[in-house]
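Guided by the hints, dock chain W onto chain Y, whose structure is given.
Below, each chain spelled out in residue letters.
2 protein chains.
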Amino acid sequence: MPHRIVHMLRAGGSGRRPVMLAIAGDSAAGKTTLTRGLLECLSEDRITAVCVDDYHRFDRVERRGKPFTALHPDCNHIEIMEQHLQLLAMGEPILKPVYDHGSGKLIRPELIEPRDFVIVEGLLPLYSKVARACFDITVFLDPPENLRYDWKIQRDTAKRGYTADQVRAELEMREPESAAFIRPQRKHADIVVRFGAIPGHDAPDTPLSSELLLRPTIDHPNLAGVLDRAEAMHLKLLRDTDGRPVDALHVHGYVSPEESELVKKAIWERLDVDLPFPQALGRLTGGGVSDPVAITQLMLLYHLLEADRLRMAS
Amino acid sequence: MPHRIVHMLRAGGSGRRPVMLAIAGDSAAGKTTLTRGLLECLSEDRITAVCVDDYHRFDRVERRGKPFTALHPDCNHIEIMEQHLQLLAMGEPILKPVYDHGSGKLIRPELIEPRDFVIVEGLLPLYSKVARACFDITVFLDPPENLRYDWKIQRDTAKRGYTADQVRAELEMREPESAAFIRPQRKHADIVVRFGAIPGHDAPDTPLSSELLLRPTIDHPNLAGVLDRAEAMHLKLLRDTDGRPVDALHVHGYVSPEESELVKKAIWERLDVDLPFPQALGRLTGGGVSDPVAITQLMLLYHLLEADRLRMAS
Numbered sequence: 001m002p003h004r005i006v007h008m009l010r011a012g013g014s015g016r017r018p019v020m021l022a023i024a025g026d027s028a029a030g031k032t033t034l035t036r037g038l039l040e041c042l043s044e045d046r047i048t049a050v051c052v053d054d055y056h057r058f059d060r061v062e063r064r065g066k067p068f069t070a071l072h073p074d075c076n077h078i079e080i081m082e083q084h085l086q087l088l089a090m091g092e093p094i095l096k097p098v099y100d101h102g103s104g105k106l107i108r109p110e111l112i113e114p115r116d117f118v119i120v121e122g123l124l125p126l127y128s129k130v131a132r133a134c135f136d137i138t139v140f141l142d143p144p145e146n147l148r149y150d151w152k153i154q155r156d157t158a159k160r161g162y163t164a165d166q167v168r169a170e171l172e173m174r175e176p177e178s179a180a181f182i183r184p185q186r187k188h189a190d191i192v193v194r195f196g197a198i199p200g201h202d203a204p205d206t207p208l209s210s211e212l213l214l215r216p217t218i219d220h221p222n223l224a225g226v227l228d229r230a231e232a233m234h235l236k237l238l239r240d241t242d243g244r245p246v247d248a249l250h251v252h253g254y255v256s257p258e259e260s261e262l263v264k265k266a267i268w269e270r271l272d273v274d275l276p277f278p279q280a281l282g283r284l285t286g287g288g289v290s291d292p293v294a295i296t297q298l299m300l301l302y303h304l305l306e307a308d309r310l311r312m313a314s
Numbered sequence: 001m002p003h004r005i006v007h008m009l010r011a012g013g014s015g016r017r018p019v020m021l022a023i024a025g026d027s028a029a030g031k032t033t034l035t036r037g038l039l040e041c042l043s044e045d046r047i048t049a050v051c052v053d054d055y056h057r058f059d060r061v062e063r064r065g066k067p068f069t070a071l072h073p074d075c076n077h078i079e080i081m082e083q084h085l086q087l088l089a090m091g092e093p094i095l096k097p098v099y100d101h102g103s104g105k106l107i108r109p110e111l112i113e114p115r116d117f118v119i120v121e122g123l124l125p126l127y128s129k130v131a132r133a134c135f136d137i138t139v140f141l142d143p144p145e146n147l148r149y150d151w152k153i154q155r156d157t158a159k160r161g162y163t164a165d166q167v168r169a170e171l172e173m174r175e176p177e178s179a180a181f182i183r184p185q186r187k188h189a190d191i192v193v194r195f196g197a198i199p200g201h202d203a204p205d206t207p208l209s210s211e212l213l214l215r216p217t218i219d220h221p222n223l224a225g226v227l228d229r230a231e232a233m234h235l236k237l238l239r240d241t242d243g244r245p246v247d248a249l250h251v252h253g254y255v256s257p258e259e260s261e262l263v264k265k266a267i268w269e270r271l272d273v274d275l276p277f278p279q280a281l282g283r284l285t286g287g288g289v290s291d292p293v294a295i296t297q298l299m300l301l302y303h304l305l306e307a308d309r310l311r312m313a314s
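Residue numbers (the numbering used here), protein chains in the order written: chain Y, 1 to 314; chain W, 1 to 314.
Just so you know, these hints were derived from the structure itself, not from any lab. Please read these numbers as outputs of a predicted model, since none were measured by experiment. It is possible that part of the hints are untrue.
[As the list claims (entries may be wrong)] So the derived label-pair ranges between C-beta atoms look like this:
hint, chain 1, residue 1, chain 2, residue 2, range
1, W, Glu62, Y, Gln154, 34 to 40 Å
2, W, Met173, Y, Ser43, 38 to 44 Å
3, Y, Pro276, W, Arg64, 43 to 49 Å
4, Y, Glu269, W, Glu62, 45 to 51 Å
[Stated by the list, open to error] A few chain Y residues that don't get close to chain W, going by computed Cβ distances all over 10 Å:
hint, residue
5, Pro93
6, Trp151
7, Arg244
[To be verified] Derived EDC-like pairs: lysine to aspartate or glutamate, alpha-carbon spacing no greater than 16 Å straight-line:
hint, chain 1, residue 1, chain 2, residue 2
8, W, Lys105, W, Glu62
9, Y, Lys105, W, Asp54
10, W, Lys96, Y, Glu110
11, W, Lys129, W, Glu79
12, Y, Lys96, W, Glu62
13, W, Lys105, W, Asp54
14, Y, Lys96, W, Asp54
15, W, Lys159, W, Glu175
16, W, Lys96, Y, Glu79
17, Y, Lys105, Y, Asp59
18, Y, Lys105, Y, Glu62
19, Y, Lys96, Y, Asp53
20, Y, Lys96, Y, Glu79
21, W, Lys105, Y, Asp247
22, Y, Lys187, Y, Glu110
23, W, Lys66, W, Asp202
24, Y, Lys66, Y, Glu170
25, W, Lys66, W, Glu79
26, W, Lys96, Y, Asp165
27, Y, Lys66, Y, Glu177
28, Y, Lys236, Y, Asp247
29, Y, Lys187, Y, Asp247
30, Y, Lys96, W, Glu79
31, Y, Lys105, Y, Asp53
For glycine and all other residues, C-beta sits at the position ideal for the given N, C-alpha and C.
Only chain Y is shown next, with the shape it has when bound in the complex:
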């Protein structure tokens, strides 16, 4: 039997292809907060969340003395991450490596079976062309660096047992690799999300605003009619920092619950699905609810459900 062939993978997988959403961004950029809301909105048996920060080539001890941090692609099994993303995109299960942040060790891998929606979040999901080709929707989280530093110090001192100085030193060490490998992923995102004050608009101490850059690489819901009547939200045509045209959806932190509700419902209505309006949007890790976060999640939910609807119809 010299011509036996390898058929299953080449045939494009055994099951239905899931809708794949990437949420890329630097450490403490808000990936988990965003993902959690989406998980709560879709029924558990339809969604799978995967963090791709576990593909470490070295454990914590082995990394000591190496000339790069855990952010560097050479410090990760990037080709295996790419392979696993492709398998998930084809509806195939993977045995994903697991890095234990507590002990700094690589431990027993876990079986991941893709459901209808797969959310892939992490530092480098949009790093390579092969990886990017696996996604239907790509998001990059781009908070102002000073805000991200504050978030990271808060989280790593509270949950991971570091001192603020240790976190600051780590951030400093990582900066060249953030610049080289993390931030360049921004240009490959269909949606760039920036939580923070909108310069020239938000007074200090107002709740966080969000700016969503909506690139014309995917079809966004048409919100012109709704936003014409809105006070604290604007859709603005502008040039991105690289000169490319983009729609910027500004959601101010001082948006009133009524206006926010109006826009949320409008986005939801653009989506022709027979589902109740999701309630679990905008919850923050520290408690409380943010309308800008909720509207961001709703936009992503729109894209997930729309891609699924198109797939079902085709």
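Here is chain W on its own, set in the frame of chain Y:
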């Protein structure tokens, strides 16, 4: 970009496809002995050996109280094993799970990059159709059960810290699953290898003989001319236990070094490659050399190199 496509895997891998050899058989059937000789004969940078007994779904503690042993396909990530075999067959790397036989735990997985030849040995590599489709050459080790029991008791008491009674109890517990899942793989092998006394031919206490069933599913070297002149080796046309026609190559344990050498050289000459005759054949785990083992390894080496030659030429 709703129609982004997954291309690398579908295109059939990035590199040259390796030659894939499966060596299946029950615990202590001699898989490692056979494999080690092949590893020693081919240069290290050309061959990769993979044991597929690490795809455990449960660790030792989790298996307690389960109604099956580690042999049962339900106790293993068979679909991941199939996926990994397909990836290797396409020349792609895998992140293989690792089961630590000492602690009975699943530990950090390891990166395996296929070289020109991939030897896959284990309990279940020929269990499913998808898995079998990945191989160019398939072998099943089929020693008499009493001999295998002796080997397993020897090995597990010496190397794994069990008592003989514990090993016997384990063998007894595994027997129904050996019958249901391991032995049925025999019928899918291109070559069935049986070390042991050849009934009616070998006096007690002669060194182990081997019987190689050579199925017409692959092209074996033509040995008729050589074996006509041989004393302690015969090629015999017979019906297998299932009634199918098969060539049986008998290599008696009392074969003389001269005759053995003659046949080994003859097999090697059938193979038109520019390589020195391999010296590391037939070494046994406990020390010593077995000519029947050497000739079996040489037959496998023939098939590996022939498949590689054909691939290079095409």
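Now the hints, each set against the structure:
At about 37 Å, the beta-carbon gap between Glu62/W and Gln154/Y stays in the expected band of 34 to 40 Å. A hinted range of 38 to 44 Å for the beta carbons of Met173/W and Ser43/Y is consistent with their spacing of about 42 Å. Range check, Pro276/Y to Arg64/W: Cβ separation about 44 Å, and the 43 to 49 Å hint holds. The supplied range of 45 to 51 Å is met by Glu269/Y and Glu62/W, whose beta-carbon atoms lie about 48 Å from each other.
For Pro93/Y, the non-interface assignment is contradicted: its Cβ lies about 6 Å from the closest Cβ of chain W, within the 10 Å cut-off. Once the 10 Å rule is applied to beta carbons, Trp151/Y is consistent with being away from chain W; the minimum gap is 30 Å. The Cβ of Arg244/Y lies farther than 10 Å from every Cβ of chain W, with a closest approach of about 15 Å, so its non-interface assignment holds. This hinted pair checks out: Lys105/W and Glu62/W have alpha carbons roughly 10 Å apart, not beyond 16 Å.
Straight-line distance between C-alpha atoms of Lys105/Y and Asp54/W comes to about 19 Å, which puts the hinted pair past the 16 Å bound. Proximity of Lys96/W to Glu110/Y is assessed by CA-CA distance (about 12 Å); at most 16 Å being required, the pair is judged to hold. Between Lys129/W and Glu79/W the CA atoms are separated by roughly 11 Å; this keeps the pair inside 16 Å, and the hint holds. A threshold of 16 Å between alpha carbons decides the hint, and for Lys96/Y with Glu62/W the separation of about 20 Å lies outside it, so the pair is violated.
Among the hinted pairs, Lys105/W with Asp54/W is consistent with the structure: their alpha-carbon atoms are about 10 Å apart, no more than 16 Å. Distance hint between Lys96/Y and Asp54/W is fulfilled; the C-alpha atoms sit about 15 Å from each other, no more than 16 Å. Straight-line distance between C-alpha atoms of Lys159/W and Glu175/W comes to about 22 Å, which puts the hinted pair past the 16 Å bound. The hinted pair formed by Lys96/W and Glu79/Y meets the criterion: a straight-line CA distance of about 14 Å does not exceed 16 Å.
Using a Cα cut-off of 16 Å, the hinted pair Lys105/Y and Asp59/Y holds, with the two alpha carbons roughly 5 Å apart. Restraint check for Lys105/Y and Glu62/Y: the C-alpha separation of about 10 Å stays at or below 16 Å, so the hint holds. In summary, the hint linking Lys96/Y to Asp53/Y is supported, as the alpha carbons are separated by about 11 Å, within the 16 Å threshold. This hinted pair checks out: Lys96/Y and Glu79/Y have alpha carbons roughly 13 Å apart, not beyond 16 Å.
Simply put, Lys105/W and Asp247/Y have alpha-carbon atoms about 52 Å apart, too far for the 16 Å limit, and the pair is violated. Among the hinted pairs, Lys187/Y with Glu110/Y is inconsistent with the structure: their alpha-carbon atoms are about 32 Å apart, more than 16 Å. This hinted pair does not check out: Lys66/W and Asp202/W have alpha carbons roughly 43 Å apart, beyond 16 Å. Simply put, Lys66/Y and Glu170/Y have alpha-carbon atoms about 14 Å apart, close enough for the 16 Å limit, and the pair holds.
Pair hint Lys66/W plus Glu79/W does not hold up; C-alpha atoms about 20 Å apart against a cutoff of 16 Å. Straight-line distance between C-alpha atoms of Lys96/W and Asp165/Y comes to about 38 Å, which puts the hinted pair past the 16 Å bound. Distance check on the hinted pair: Lys66/Y and Glu177/Y sit about 14 Å apart at the alpha-carbon level, within 16 Å; holds. Taken as a hint, the Lys236/Y and Asp247/Y pair is honoured in the structure, with Cα atoms around 6 Å apart against an allowance of 16 Å.
Only pairs whose Cα atoms come within 16 Å are accepted, and Lys187/Y paired with Asp247/Y is accepted, the gap being roughly 14 Å. Pair hint Lys96/Y plus Glu79/W holds up; C-alpha atoms about 14 Å apart against a cutoff of 16 Å. Among the hinted pairs, Lys105/Y with Asp53/Y is consistent with the structure: their alpha-carbon atoms are about 13 Å apart, no more than 16 Å.
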